[in-house]
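Using the hints, position chain B against chain A.
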Amino acid sequence: MIGAAGSPQEAMILGMATAGFLAGVAAGLLRWLRTGPVWTDLLVPASFLVAYWLVYNKVPSFPPIGAVNKIFFVAVTGTALGFLADATGRGGLARALVLAQPIACAAYIGAARLPDALPEVVLAALWGLLAMYGFSGATGQAEHESGTRRAALLGIACAGFAPIALLGASSSSFQLSLLFAAAMVAIVAANISNPDFGFRSASLLGGMGGMIAVAQTVTLITRKTDMLALAVLSLVFVASFVADPVFRWIGLKNKAVRIAAFAGMCLLPVGASLATVIARYGSSFPV
Amino acid sequence: MSKLLRNTLLAAMIACSPLATERAAAGTFDIDPVHSGIAFFIDHLGFSQVIGIAKEFSGTFAFDAAQPANSSLDVAVKVAGISTNNNQRDSDIQGADWFNATEFPQITFVGREFKAVDAKSGTITGDLTIAGVSKPVTLDVTFNKEGQNPWDKSHVVGFSARATIKRSDFGMKASLGMIGDEVSLLIQVEGRGRS
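Sequence lines, in order, name chains A and B.
Everything in the first sequence is counted per this note's numbering, starting at 1 for the first residue and increasing by one.
Everything in the second sequence is counted per this note's numbering, starting at 1 for the first residue and increasing by one.
Heads up, some of the hints might be wrong.
What follows is a list of derived Cβ distance ranges for each label pair [to be verified]:
| no. | chain 1 | residue 1 | chain 2 | residue 2 | range |
| --- | --- | --- | --- | --- | --- |
| 1 | B | Ser134 | A | Met227 | 32 to 40 Å |
| 2 | A | Leu130 | B | Ser83 | 34 to 42 Å |
| 3 | B | Ser58 | A | Gly91 | 50 to 58 Å |
Going by beta-carbon spacing under 8 Å, a handful of chain A positions derived as facing chain B [claimed, not checked]:
| no. | residue |
| --- | --- |
| 4 | Pro8 |
| 5 | Ala11 |
| 6 | Tyr56 |
| 7 | Ile65 |
| 8 | Gly66 |
| 9 | Ala67 |
| 10 | Val68 |
| 11 | Ala112 |
| 12 | Ser171 |
| 13 | Ser172 |
| 14 | Ile221 |
| 15 | Thr222 |
| 16 | Lys224 |
Rather than coming from a laboratory, the hints here were simulated on the basis of the structure.
By construction, the Cβ of each residue, glycine as well, lies at the ideal position given by its N, Cα and C atoms.
Chain A with its partners taken away, still in its complex shape (with noise of 0.2 Å):
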């Protein structure tokens, strides 16, 4: 991807419209075959598979070596168990497996720091845990239109995530994260009216799990992380329980509006942490 582009800034915006592009068609196709939302729900794990693939330029061997490979299996697997817990219509395993996989997941990516960092693998299990019990309530109270907030509050949440990645040492992660945003903001774009669109268990453990292994490898591997701006982007899965109850106060009734909304309380956080990292790092910021 890099060599195709003049310069690193044009290889990013590159790799960003790709993933987007790929994202955007992915979705619209499924929609327009109207598969439903059990097929749907592919579409966010596919696209961070394929923004892996961008930024790496590999399929990891198994079994993995190192955390940034294990990233991909993570994801891999929560896909897998995922579509299947859901297709077969295990609720309970699968509302289970959501809240199990960033405690396994610390434990898996941090395995080389264990036993001596047990309290920062821990630390990074329960932020895992939160952080994914904060997501998976973004339904609210509005069930027709729970899969594009979550799939706009990944997005966003991504994008926050980004410049924390590139201040921790980690570009791969930096791109990572832009990469997956983009392919966000093309699956919202094309679903922001479709009541079909799912965002189910395959894409919490495979879209929003495949991010939480992101951040816990550089918090735990490279571990370069700034914390303080980590805890204010985690405001970002707040705004889940805020969100309808602020709506209902103001009356706002239109989706798209309250999509946009949603989005617009989700990048406070994001604006907050980024405040945060610039205000520490200053001129060292790697830009």
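Quick look at chain B alone, frame taken from chain A:
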């Protein structure tokens, strides 16, 4: 007993003694970090070659000038000790995108095949392991000198070696296109014989 027979028996006894056996086998040397160095060169946007060095490494090798194929080589480089003359970059390359020091704190090289090209040069092919990925790498080696160190009378042998590897072969694909894929290695080794 004739003089010839006596000399023959004496020669046979010397040849069978442990001392003779030790001299016939390859000598074992410890890499002297004070007089050895590992440097690498990597392209930056085509403008320059950034120079890095390994500050902490250790290893042993066995060397037999008469029979190079009997040699051996084991080297370990501490990833935390890699320096490129910039603290920010040195910290960054420890991360998961690069050397991944947390999971793979050491780079190792184990020599497998030793070939002499002529009296002064040869090749060592071995397994280089970086960030958990092992690949065969061939070093072009120049034999510099073997002899006694005049200061402490230790037995010393010295080599120079060069190799070129691709970092992408070891899973390090970050910033390809901006930072070169090919990495040139320049190695100077002085080994002190074990007494």
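Now for the hints, and whether the structure bears them out:
{"no.": "1", "hint": "B:Ser134 - A:Met227: 32 to 40 Å", "verdict": "35 Å, holds"}
{"no.": "2", "hint": "A:Leu130 - B:Ser83: 34 to 42 Å", "verdict": "39 Å, holds"}
{"no.": "3", "hint": "B:Ser58 - A:Gly91: 50 to 58 Å", "verdict": "57 Å, holds"}
{"no.": "4", "hint": "Pro8", "verdict": "6 Å, holds"}
{"no.": "5", "hint": "Ala11", "verdict": "7 Å, holds"}
{"no.": "6", "hint": "Tyr56", "verdict": "6 Å, holds"}
{"no.": "7", "hint": "Ile65", "verdict": "4 Å, holds"}
{"no.": "8", "hint": "Gly66", "verdict": "5 Å, holds"}
{"no.": "9", "hint": "Ala67", "verdict": "5 Å, holds"}
{"no.": "10", "hint": "Val68", "verdict": "5 Å, holds"}
{"no.": "11", "hint": "Ala112", "verdict": "4 Å, holds"}
{"no.": "12", "hint": "Ser171", "verdict": "5 Å, holds"}
{"no.": "13", "hint": "Ser172", "verdict": "5 Å, holds"}
{"no.": "14", "hint": "Ile221", "verdict": "4 Å, holds"}
{"no.": "15", "hint": "Thr222", "verdict": "4 Å, holds"}
{"no.": "16", "hint": "Lys224", "verdict": "7 Å, holds"}
This entry satisfies every hint, going by the numbered hints stated previously.
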